[in-house]
Amino acid sequence: MSEIETNEAERQARYNPAEIEPKWQARWDAAPDLYAAEGHDSGKPKFYCLEMLPYPSGQLHMGHVRNYAIGDALARFMWMRGHNVLHPMGWDAFGLPAENAALKNNTPPREWTLKNIAAMKAQMRRMGLSYDWSTEVTTCLPDYYRWNQWFFVKMFERGLAYRKKSKVNWCPDCQTVLANEQVINGRCWRHEETIVEQRDLTQWFLRITKYADELLDGLENLEGWPEKVRTMQRNWIGRSEGALVNFAVDGEVKADCGSITVFTTRVDTIFGATSVQLAPEHAVAKAFAAENAELAAKIEALLAEQQKARESDDLGGIEKHGVNTGRFAVNPFTGEKVPIWVGNYILADYGTGAIMSVPAHDERDFEFATKYGLGIKRVIAPKDGSEPELPFTAEDDAVLIDSGEWTGLSCVEAQRQMASAAQTKGFGEATVTYRLKDWGVSRQRYWGTPIPMVYCENGHPGVEPGGVVALPESALPVFLPENVEITQEGGSPLGKISEFLHTKCPVCGGPARRETDTMDTFVDSSWYFYRYADAKDETAPFASEKANYWFPIDQYIGGVEHAILHLIYSRFWTKVMRDLGMINNDEPAQRLFTQGMVIKDGAKMSKSKGNVVSPDDMIARYGADATRMYALFAAPPDRDLEWQEEGVAGISRFLGRVYRLATKYAGMIRDGRLPHLESRTQTDQLLLRRLHQTIAKITLDFDGRWHFNTSIAAIMSLINEIVAAEAAIDAGQASPAAIAEIMRNLVLMLAPFAPFFAAEMWEEIGEQGVVFRTPWPVADEELARENEIEIPVQVNGKLVNVIKVPADSDEAEVKAAALADEKVKARIEGKNIVKVIVVPGKLVNLVVK
RNA sequence: GCGAAAGUGGCGAAAUUGGCAGACGCACCAGACUUAGGAUCUGGCGGGGCAACCCGUGGGGGUUCAAGUCCCCCCUUUCGCACCA
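In my numbering, the protein residues as written are 6 to 854.
Warning: the hint list may mix true and false statements.
As the list claims (entries may be wrong) - Derived pair list, reagent style SDA-like, types lysine to any residue, alpha-carbon separation capped at 20 Å: (1) Lys159 with Met587; (2) Lys702 with Ser722; (3) Lys215 with Arg239; (4) Lys215 with Gly247; (5) Lys541 with Thr140; (6) Lys809 with Ala831; (7) Lys51 with Gly229.
What the hints assert, rightly or not - Estimated spans, in silico, between C-beta atoms of each pair: (8) Lys509 with Lys259: 46 to 54 Å; (9) Thr686 with His45: 44 to 52 Å; (10) Thr508 with Asp584: 27 to 35 Å; (11) Glu394 with Lys325: 18 to 26 Å; (12) Glu219 with Val468: 50 to 58 Å; (13) Ala41 with Pro470: 47 to 55 Å; (14) Thr686 with Val839: 40 to 48 Å; (15) Pro477 with Lys259: 48 to 56 Å; (16) Thr508 with Lys325: 48 to 56 Å.
It is worth saying that the hints were derived from the structure and are not from the lab.
Owing to the predicted nature of the structure, the values given are computational and were not obtained by experimental measurement.
Glycine included, C-beta positions come from ideal geometry on N, C-alpha and C.
Take these sequences, add in the hints, and give me the full structure.
Dropping the structure here:
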């Protein structure tokens with residue numbers, strides 16, 4: 006009988022997250038204001054903590070768990086530090102998977118998406134994440150996407166949104182167009198196996214290139230962003246300064262294809278040009294091909310080689326091929342005729358699709374000229390007059406030779422002067438090219454934001470028949486129709502819905518057809534975080550004063566896979582909104598943190614590898630607190646994390662130890678609190694010292710490197726100290742006040758990492774109020790100070806012994822103590838002490854001979 | 001090819017400024033307790049050696065009283081860029 010009672014008591018004292026976590030989850034759900042941000046007048050400094058919003062696939066994966074565990078720890082810490090914290094969450098809810106699911110399960114995309122959102126939101130609640138759900142944003146709902154349309158019209162009015170016919174990237178699997186940013190090595194970003202085709206389509210574009218320089222220059226000031234991300238964006242923008250120079254085609258060309266404009270960054274070498282190289286798709290190459298079937302076939306072959314190279318991952322490895330067209334172009338600087346070639350390595354979509362080839366001063370040109378026996382003419386020499394090995398590509402400390410009136414100029418100076426001369430003489434100009442292209446946003450898909458444009462069939466003054474008319478604000482939103490049949494066939498699904506397609510022109514009232522394409526989903530995520538500041542606004546995307554209070558985001562946290570797409574589009578959007586007068590900030594986020602991947606057995610978790618660990622499974626087994634805490638403990642957050650389930654079990658055991666201690670001493674803590682720590686025992690002193698050292702350590706981690714793995718290790722060490730002192734505590738050698746102080750602060754320090762657990766323990770030790778609103782403890786330097794320290798003593802740099810000295814010992818005392826040590830004495834016996842190095846508080850090194 | 005980051009026990013890792021290498025945890029080993037268990041507690045745990053000691057942070061050199069940390073060369077892995085004119 007008594008045995009059963011003991012067991013019962015034991016079981017109760019055992020940490021049981023399955024009981025604790027749902028209990029607190031229910032309490033928090035019943036108090037929705039718990040995590041709500043306060044207004045501008047809170048008197049507290051603001052802190053906007055943001056994690057990237059997920060796509061509602063229906064299931065959180067471990068990468069999400071890690072991302073949110075980091076953000077949640079930070080948000081809770083900042084609250085405890087007395088900040089007014091905005092910590093929102095939302096759903097990037099438009100996109101292709103919903104349509105695929107519709108095909109597969111015959112479920113409408115909206116229904117599927119909303120169901121997934123509900124499921125994932127429940128998972129987030131189970132995780133105990135501190136989101137303010139009153140600001141939830143769901144991008145597929147009209148109260149959000151109407152503002153996409155509003156922005157689109159604003160951009161159209163300012164010439165930032167425009168239509169043009171162009172070659173576009175077409176993914177046969179997505180059955181839609183992709184932005185350049187969504188094409189990786191010639192393949193679709195969603196379908197790694199699928200080669201992207203080029204098609205001619207009329208598409209809507211956003212003029213991101215207008216901001217190319219600002220997007221580039223702004224990177225310099227984003228010191229809170231990882232250098233890696235900044236470099237990736239710099240590469241992506243790909244700014245290149247150079248000159249355009251026209252080479253006239255010698256002789257007759259039937260087709261009206263004009264002259265050949267080359268782009269070069271080294272116009273100073275133009276006297277050394279020995280050929281002109283065209284892309285296979287260049288208009289002049291096409292014109293020549295039209296007159297010569299044999300040549301046409303060769304050019305066709307070059308194009309095929311190029312396309313094949315683009316499709317492979319090894320673009321740089323392809324062998325350069327070219328074909329001589331037999332025609333000549335005139336170098337406008339020299340009047341010289343140089344042969345026109347077509348090369349498989351010349352890209353139609355970079356620069357002008359044509360280059361001048363200067364073998365003496367360009368490695369690639371040198372290789373090509375050597376292969377085909379083209380001329381090599383040196384026109385640059387080192388300043389010191391030495392004879393350089395070719396190709397000689399330096400532009401610093403080099404001067405022009407054999408270059409007419411430019412001879413003797415430095416390369417850099419010649420570039421300036423020759424570009425300006427070309428302009429004066431009408432055959433060229435200085436220019437800047439970018440790798441960055443305007444953002445094609447049209448998608449021939451259903452599940453996205455309808456583009457708010459119509460085509461007026463009859464036309465009206467200022468608009469030709471079939472011309473574009475933007476819808477006025479009063480006509481927004483254009484609702485996305487429901488009950489649309491989703492098929493895999495090409496073309497926009499909206500085009501098949503007559504009620505949607507046919508409308509009236511908002512200007513003349515005549516018949517009009519709606520634009521049936523929808524927007525790229527990256528539009529949705531380009532400004533969603535502004536909506537959080539004012540999520541319920543029905544009159545504007547957000548109120549400026551609210552955005553200006555919260556922005557820029559203090560800390561943005563997410564995966565590095567968004568380094569280019571999302572993070573460049575949202576920077577662009579911010580600049581547009583600033584120019585619309587809606588916000589004051591130039592950049593969306595002050596600091597960006599990119600966490601590492603979660604891997605298992607050395608590889609990224611994926612269904613195909615069968616190494617996926619489900620967060621739900623972990624939570625069911627070990628609880629959300631242990632799962633989250635493990636995600637923070639296993640590695641520093643910026644590094645990849647190897648998921649080991651035994652490690653989660655370890656964290657669970659640790660929480661169990663804390664639980665046991667807290668419950669064991671709960672009575673003592675509740676009843677025995679003294680107003681002051683007046684009579685400290687030795688045990689008190691030891692434990693309090695460790696406590697305050699731990700507080701200092703964890704506070705430093707939050708303020709600095711975010712190495713929460715070491716923060717948690719420090720808390721574990723503190724617990725180990727308490728366990729080690731348990732016998733002394735039980736024997737009455739510790740004062741209840743000290744134990745209370747330690748347990749109280751211990752719970753506070755656990756709060757950012759294990760919130761359910763902390764809430765439970767807070768209550769258990771008799772504390773009132775919300776643990777997450779209790780001020781973060783401040784380390785007491787006096788209490789943290791050691792009165793005796795250990796000093797390693799080395800002889801000739803090798804450790805001999807560790808001695809204990811009073812913490813305030815001066816150099817001479819430490820030295821004396823070291824020399825007095827028996828082991829040290831034995832080691833240096835019979836030798837001369839050459840030098841004694843004493844590093845106060847660190848070590849002693851005796852140099853002996 | 002160019003650029004960046006990384007390489008430390010059986011594993012995840014720590015060492016923030018050049019100052020005791022391996023904190024903390026996992027796994028493992030030994031023991032205790034016991035309603036035998038995927039519970040809890042205690043101890044051990046880089047390698048060699050009975051030991052004193054010796055060796056040890058991818059490899060090789062260097063600077064220094066002292067190097068995981070700084071410098072030079074090389075190797076490996078990951079990431080980014082890659083006919084960009």
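Verification of the hints:
1. Using a Cα cut-off of 20 Å, the hinted pair Lys159 and Met587 holds, with the two alpha carbons roughly 12 Å apart.
2. A hinted pair counts as satisfied when its Cα atoms are at most 20 Å apart, and Lys702 with Ser722 qualifies at roughly 12 Å.
3. For a cut-off of 20 Å, the pair hint linking Lys215 to Arg239 stands: about 16 Å separates their Cα positions.
4. The straight-line distance between the Cα atoms of Lys215 and Gly247 is roughly 18 Å, inside the 20 Å bound, and the hint therefore holds.
5. Straight-line distance between C-alpha atoms of Lys541 and Thr140 comes to about 7 Å, which keeps the hinted pair within the 20 Å bound.
6. A hinted pair counts as satisfied when its Cα atoms are at most 20 Å apart, and Lys809 with Ala831 qualifies at roughly 18 Å.
7. Restraint check for Lys51 and Gly229: the C-alpha separation of about 18 Å stays at or below 20 Å, so the hint holds.
8. Between Lys509 and Lys259 the Cβ separation comes to about 48 Å, which falls inside the hinted range of 46 to 54 Å.
9. Between Thr686 and His45, the C-beta spacing of about 49 Å keeps the proposed range 44 to 52 Å intact.
10. For Thr508 paired with Asp584, a C-beta distance near 31 Å keeps the hint of 27 to 35 Å intact.
11. For Glu394 and Lys325, the hinted distance range of 18 to 26 Å is satisfied, since their beta carbons lie about 21 Å from each other.
12. Checking the proposed 50 to 58 Å range against Glu219 and Val468 shows it is violated: the Cβ atoms sit about 32 Å from each other.
13. A hinted range of 47 to 55 Å for the beta carbons of Ala41 and Pro470 is consistent with their spacing of about 54 Å.
14. Range check, Thr686 to Val839: about 47 Å between beta-carbon atoms, so the 40 to 48 Å window is met.
15. Remark: the range hint 48 to 56 Å for Pro477 to Lys259 is upheld by a beta-carbon distance near 49 Å.
16. For Thr508 and Lys325, the hinted distance range of 48 to 56 Å is satisfied, since their beta carbons lie about 53 Å from each other.
Figure legend: structure checked against the earlier numbered hints; the only hint not met is number 12.
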